[in-house]
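Undergrad: Residue numbers (the UniProt record's numbering), protein chains in the order written: chain L, 1 to 290; chain W, 1 to 288; chain G, 1 to 478.
Since the hints were derived computationally from the structure, they do not count as laboratory data.
Misleading hints may appear alongside valid ones.
Chain W stretches covered by chain G per the calculated footprint, using a threshold of three residues with CB under 8 Å from any CB of chain G [claimed, not checked]:
no. : stretch
1   : 20 to 32
2   : 44 to 58
3   : 198 to 208
With the Cβ distance kept under 8 Å, some of the chain W side facing chain G (calculated, not the full set) [as the list claims (entries may be wrong)]:
no. : residue
4   : 69
5   : 75
6   : 78
7   : 103
8   : 104
9   : 105
10  : 106
11  : 137
12  : 178
13  : 232
By construction, the Cβ of each residue, glycine as well, lies at the ideal position given by its N, Cα and C atoms.
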Amino acid sequence: MKAILKYKTLYLMMLPILAYFAIFSFYPLVRGLIISFQNYRLIGDRPFVGFDNYMTVLKDPVFWDVLQNTIVIGTGIFVINFILPLILALSLNEVASVWFKKVTQMIVYLPHLFSWVVVGGMWILMLSPDTGIVNQIIQLFGGDPISFLASDKYARSVMIFTSGWKEMGYTCILYLAAIVNINPSLYEAASIDGASRWHKVRFVTIPQLSSTMKMVVMLNVLGILRMFDQILVMRNGAIADKVDVVMMYTYQKGILEFNIGPATAAGFLIIFATLVISFVTRALIRYDEG
Amino acid sequence: MKILEKKSWQSRIFDCINVLFLLLLVLTMIIPFLNTLALAFSSNLASMQPDIVLWPKEFSTEGFTTVWNRMRLYLPFMNNVIVTVVGTAGHVFLCSVAGYVLIQKGLPGKKWMLSAILVTMMIPSEAIMIPLYIVNKDLGLLNSLSALILSGLVSGFGVLLMRNFFLSVPYEMSESARIDGAGDLRIFFTMYMPLAKAGLATVTLFEFVSRWNQFTPAVLYINDPSKNTLQVALKSLIVDTDVTSSNFMITTNVRMAGIVIALLPLLFIYPFVQKYFVKGIFLGANKE
Amino acid sequence: MVKRKKFISMIMAVSLLGGVLAGCSSNSGNSASGDNKTTPTAQADSKNEERTLKMMTGVIGGKTPEENVKFEKEIERLTGIKVTMDKPASDYDQKLLASIASGEKYDLLQVSKERMNTLIDQGVLTPLTDQVKASKVLSDPSVIPTDEWDQVKTKDGQIYGVFTKYQGGTMPIVRKDWLDKLNLPEPKTLDDYYNVLKAFTEQDPDGNGKKDTYGLSTAGMYELQGFFSAAGLKQRYVETADGKLDVPYSTDAAIPVYEWLNKLYKEGILDPNFATNDTGKMRNMFLSDRVGMITYWDAWVGMLNNTRKGQDPQTTFEAKGLPGAADANGNYMLRRGDPDVWVIPANAEHPKTAFEFIEWWNTQDGIMLGSLGIKDEDYTMDNGKYVLTQTGKEHASDHGVPFWYNSNVEAPFGKLPGVQEAQDLVNKYATLELTPPNWSEAEKIINEYSFKAIMGEMPAADAVKKMREELKAKKLID
Numbered sequence: 001m002k003a004i005l006k007y008k009t010l011y012l013m014m015l016p017i018l019a020y021f022a023i024f025s026f027y028p029l030v031r032g033l034i035i036s037f038q039n040y041r042l043i044g045d046r047p048f049v050g051f052d053n054y055m056t057v058l059k060d061p062v063f064w065d066v067l068q069n070t071i072v073i074g075t076g077i078f079v080i081n082f083i084l085p086l087i088l089a090l091s092l093n094e095v096a097s098v099w100f101k102k103v104t105q106m107i108v109y110l111p112h113l114f115s116w117v118v119v120g121g122m123w124i125l126m127l128s129p130d131t132g133i134v135n136q137i138i139q140l141f142g143g144d145p146i147s148f149l150a151s152d153k154y155a156r157s158v159m160i161f162t163s164g165w166k167e168m169g170y171t172c173i174l175y176l177a178a179i180v181n182i183n184p185s186l187y188e189a190a191s192i193d194g195a196s197r198w199h200k201v202r203f204v205t206i207p208q209l210s211s212t213m214k215m216v217v218m219l220n221v222l223g224i225l226r227m228f229d230q231i232l233v234m235r236n237g238a239i240a241d242k243v244d245v246v247m248m249y250t251y252q253k254g255i256l257e258f259n260i261g262p263a264t265a266a267g268f269l270i271i272f273a274t275l276v277i278s279f280v281t282r283a284l285i286r287y288d289e290g
Numbered sequence: 001m002k003i004l005e006k007k008s009w010q011s012r013i014f015d016c017i018n019v020l021f022l023l024l025l026v027l028t029m030i031i032p033f034l035n036t037l038a039l040a041f042s043s044n045l046a047s048m049q050p051d052i053v054l055w056p057k058e059f060s061t062e063g064f065t066t067v068w069n070r071m072r073l074y075l076p077f078m079n080n081v082i083v084t085v086v087g088t089a090g091h092v093f094l095c096s097v098a099g100y101v102l103i104q105k106g107l108p109g110k111k112w113m114l115s116a117i118l119v120t121m122m123i124p125s126e127a128i129m130i131p132l133y134i135v136n137k138d139l140g141l142l143n144s145l146s147a148l149i150l151s152g153l154v155s156g157f158g159v160l161l162m163r164n165f166f167l168s169v170p171y172e173m174s175e176s177a178r179i180d181g182a183g184d185l186r187i188f189f190t191m192y193m194p195l196a197k198a199g200l201a202t203v204t205l206f207e208f209v210s211r212w213n214q215f216t217p218a219v220l221y222i223n224d225p226s227k228n229t230l231q232v233a234l235k236s237l238i239v240d241t242d243v244t245s246s247n248f249m250i251t252t253n254v255r256m257a258g259i260v261i262a263l264l265p266l267l268f269i270y271p272f273v274q275k276y277f278v279k280g281i282f283l284g285a286n287k288e
Numbered sequence: 001m002v003k004r005k006k007f008i009s010m011i012m013a014v015s016l017l018g019g020v021l022a023g024c025s026s027n028s029g030n031s032a033s034g035d036n037k038t039t040p041t042a043q044a045d046s047k048n049e050e051r052t053l054k055m056m057t058g059v060i061g062g063k064t065p066e067e068n069v070k071f072e073k074e075i076e077r078l079t080g081i082k083v084t085m086d087k088p089a090s091d092y093d094q095k096l097l098a099s100i101a102s103g104e105k106y107d108l109l110q111v112s113k114e115r116m117n118t119l120i121d122q123g124v125l126t127p128l129t130d131q132v133k134a135s136k137v138l139s140d141p142s143v144i145p146t147d148e149w150d151q152v153k154t155k156d157g158q159i160y161g162v163f164t165k166y167q168g169g170t171m172p173i174v175r176k177d178w179l180d181k182l183n184l185p186e187p188k189t190l191d192d193y194y195n196v197l198k199a200f201t202e203q204d205p206d207g208n209g210k211k212d213t214y215g216l217s218t219a220g221m222y223e224l225q226g227f228f229s230a231a232g233l234k235q236r237y238v239e240t241a242d243g244k245l246d247v248p249y250s251t252d253a254a255i256p257v258y259e260w261l262n263k264l265y266k267e268g269i270l271d272p273n274f275a276t277n278d279t280g281k282m283r284n285m286f287l288s289d290r291v292g293m294i295t296y297w298d299a300w301v302g303m304l305n306n307t308r309k310g311q312d313p314q315t316t317f318e319a320k321g322l323p324g325a326a327d328a329n330g331n332y333m334l335r336r337g338d339p340d341v342w343v344i345p346a347n348a349e350h351p352k353t354a355f356e357f358i359e360w361w362n363t364q365d366g367i368m369l370g371s372l373g374i375k376d377e378d379y380t381m382d383n384g385k386y387v388l389t390q391t392g393k394e395h396a397s398d399h400g401v402p403f404w405y406n407s408n409v410e411a412p413f414g415k416l417p418g419v420q421e422a423q424d425l426v427n428k429y430a431t432l433e434l435t436p437p438n439w440s441e442a443e444k445i446i447n448e449y450s451f452k453a454i455m456g457e458m459p460a461a462d463a464v465k466k467m468r469e470e471l472k473a474k475k476l477i478d
């Protein structure tokens, strides 16, 4: 008790924040958990039905389809958002001109600022087989226009690529910040040992980035199952079966079919999976030691 | 130091290729925006023609007048400004407070509070959409901009970021201040806040951007069209154009004009915060 | 340790609170459903109901937030009912669901028939059968023709929704001025259509010297009835003679139509964006001289003509409805869309006033408000004659009710150019379609394979076979 009194100002300061999380995160979470065990009719009684909603979801072949899409697209986005920014950061670091470096950094970061409504809308237009600039360029070089967003073959890659395009600059800045922070004496020592530029990157820069890489992995892993805005904006009837992800499933079950019980159950399966994945990843990359 | 080294020819070739690669990358970033801008300033019919448009065709501001005046984009735009400014200010303040509390050594329950906040970062808000809606309804917040301001007023991410910034402030400083009799509030306002300017700027930028782009809460909590916000209006302008019940001809230039208007505020704040941002993110990343 | 306990107790408190509140709301839910059973009598008794209404609408109401407020006031002026009208600017279904699910109480909702069926399944709606029968206004066949009620009746003959307007149907809409310019006759068979569409693509109908036009654009598989009619196939579902549900587009008879569409796609006659278009994008392609034919609502023939004229008074642009392609016996088949209806939720607080409003909506005053709009805002009265203001002209006599059933109410300005003809086609050839509750799942499968067939990723015969197999596997057809 004495301890609490000693820190009472701190607890008081923390109170609104904890209250906020209690009301807008934990309470809805618990409430949602209850709904997921109910036959949640819109009006009328809502009897508890045990694990029925969860079974409905797990027995639904559509759920397994969207799970597969989530894993394929999510992994793709994860990999591209890990590697592309790293290459970009290393490559920028090799540029001598400070001015060029700064401008590039600034431009590449730009798309991260914009919402998926805007970015998705722009890419839908640019990838259009009719007026889209991408297809205009393909035609300029004598190719045939491609219906990128209506074709099974390209749909998933388009999602992965546009996500990479949007987020590249953001992660790149994380890497760059870490590179700047590397102790210069390490490079000097390498130079004295006669290391080439490549060797310095390989044996000094990359190892020194490992804790940043861990952070990037953690940040991105959490995002895989939450993917939603992008798909909502960029999907269409022709490619729905290839790009609809689990969040989309929840949305459709709940909103379009008014099946709140199963929709919430699916939501909780996602939350559960997110927790498992993040703990596993934490353990695998020994995040906490980094 | 690297520049002073004598460069081998392989090294030079690499430099060339490297710069070319970066230029190409920059082009893939610039062309889409140039294309958008050029289309926005083209005339109605010209913007519907297939061409590589990097410069306005039949220069015209029809798109802007249609979307701003006739489709009244200024309403959601102004609402967005209110929500963004108020929401960002509140967010930055509360996250700093939480960040400060969570660096206190020996504070009982700190670990629990920290993990509770970490847990909230893993809850996708879409999964708890209905209960969230019920909370807002019970609090009488539906159909108000307050609901949008409250949504995400504190975030685990913001708290952690501020905490990392504060961790880089030497703890001994606050300890000696405490010995001199300074209370937590004074230490927080007079020592930590001014020292973490870069941190505040970073969190402000992050929050400003995500507020400006806030989408799902507006879709959910707002029924009154006079309280509509920008991203929702944009979505019906750009993505599901069938809901714009309309006697308007929505040509590509109108859509692109909508995008350009939505991007402007973000572009304005970007250079200002840019210098803090890299420094800030570097501090934030450093202590992780 | 003390702190740990505190934290745990906080979590406990929160979860308990959750339990209690959840309990509360399911209780109140219970009582609402109790009301439900006694509603018809309860309503008859509650004479002293407050004359206020809370409603949610999608297309009915003012075109701007300010006008919507005036719309509420106008209803009050005309009926004495105090109205609160929620008219979300977009994502209607999402908002509807969220508000009902959270226990928000509305007296009146405007929904599509499809959505009405889901709501009936959920037990959310009050049956209106007896009230409709007893209503002087609604049971009058000159207000709503008797046969039309079949559209909204459930299997057991109950009525839950009353029409908000006359819905009309969809059809191919062609650029008549392009037909004339290229000296082409109006197409009748699928081959005629091919020739016309090919000419639209290749003979520069807009005269700009560039080959930048397409023959046909659609919004995905939204509406292709006018072409599948050539094989005598109905869109969505039909009930076969032995009472089974079937999807005609997944039968072998559909293969030639898919092949025909694939030919259009291959030859660049079909807008390559057709799969990703929504109806707005399709409309705008048509309005901006990029495409010569789309498939859309009869009422839009007039709207398209009106919109283009508003942009450019000198235009030769002329949209015209077509009956689609005839089958081998010369029969046409168009589609009537699902109607929009007013429904009263079971937990409505003013069900009686709500029904009174529905009746009023179908009378002269109600119809004028739903079409022309608000007096002294959209129109003025000059010696008993309606005169549209500038605002009224822009709103094109559509505030949710462009057309209506009530034959006693005359349209003061006639119809927009081309509409009457298009409506005649619908009345002559269009039939209702059958939409079972799980249509959205079936639609996904049908779309997927139709697109593959049309875009040539798969031979039409294989696509149809796979489509059928998958529909069967997911138990979407018998």
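Undergrad: Next, verify each hint and record whether it holds.
TA: Cross-check of the supplied hints:
Under a criterion of three residues with beta carbons nearer than 8 Å to beta carbons of chain G, the stated coverage of the stretch 20 to 32 of chain W fails, only 0 such residues being counted. Given a C-beta distance limit of less than 8 Å, the hint that chain G covers the stretch 44 to 58 of chain W holds, as 5 residues qualify and 3 suffice. Against chain G, the stretch 198 to 208 of chain W contributes 0 residues with a C-beta closer than 8 Å to a partner C-beta. That does not satisfy the three-residue criterion, and the hint is violated. At a threshold of 8 Å, the smallest CB-CB gap from residue 69(W) to chain G is about 12 Å, leaving the interface hint violated.
A distance limit of 8 Å between C-beta atoms decides the matter here; for residue 75(W) the minimum to chain G is near 7 Å, and the interface restraint holds. A hinted interface residue such as residue 78(W) counts as satisfied when its beta carbon comes closer than 8 Å to some beta carbon of chain G; here the least separation is about 12 Å, so the hint is violated. Annotation: residue 103(W) was flagged as interfacial toward chain G, and the flag is violated, the nearest CB pair being 17 Å apart, outside 8 Å. The beta carbon of residue 104(W) comes no nearer than 13 Å to any beta carbon in chain G, farther than 8 Å, and the hint placing it at the interface is violated.
With its C-beta approaching chain G no nearer than about 14 Å, residue 105(W) sits outside the 8 Å limit, and its interface hint is violated. Among the interface hints, the one on residue 106(W) is violated; its C-beta lies about 11 Å from the nearest C-beta in chain G, farther than the 8 Å criterion. Interface hint status for residue 137(W): upheld, as the beta-carbon distance to the closest one in chain G is roughly 5 Å, under 8 Å. For residue 178(W), the interface hint is violated, since its Cβ never comes within 8 Å of a Cβ in chain G; the closest pair sits about 21 Å apart.
Restraint check, residue 232(W) versus chain G: the minimum CB separation of about 6 Å is within 8 Å; hint holds.
Checked against the numbered hints above, the structure breaks hints 1, 3, 4, 6, 7, 8, 9, 10, 12 and satisfies the rest.
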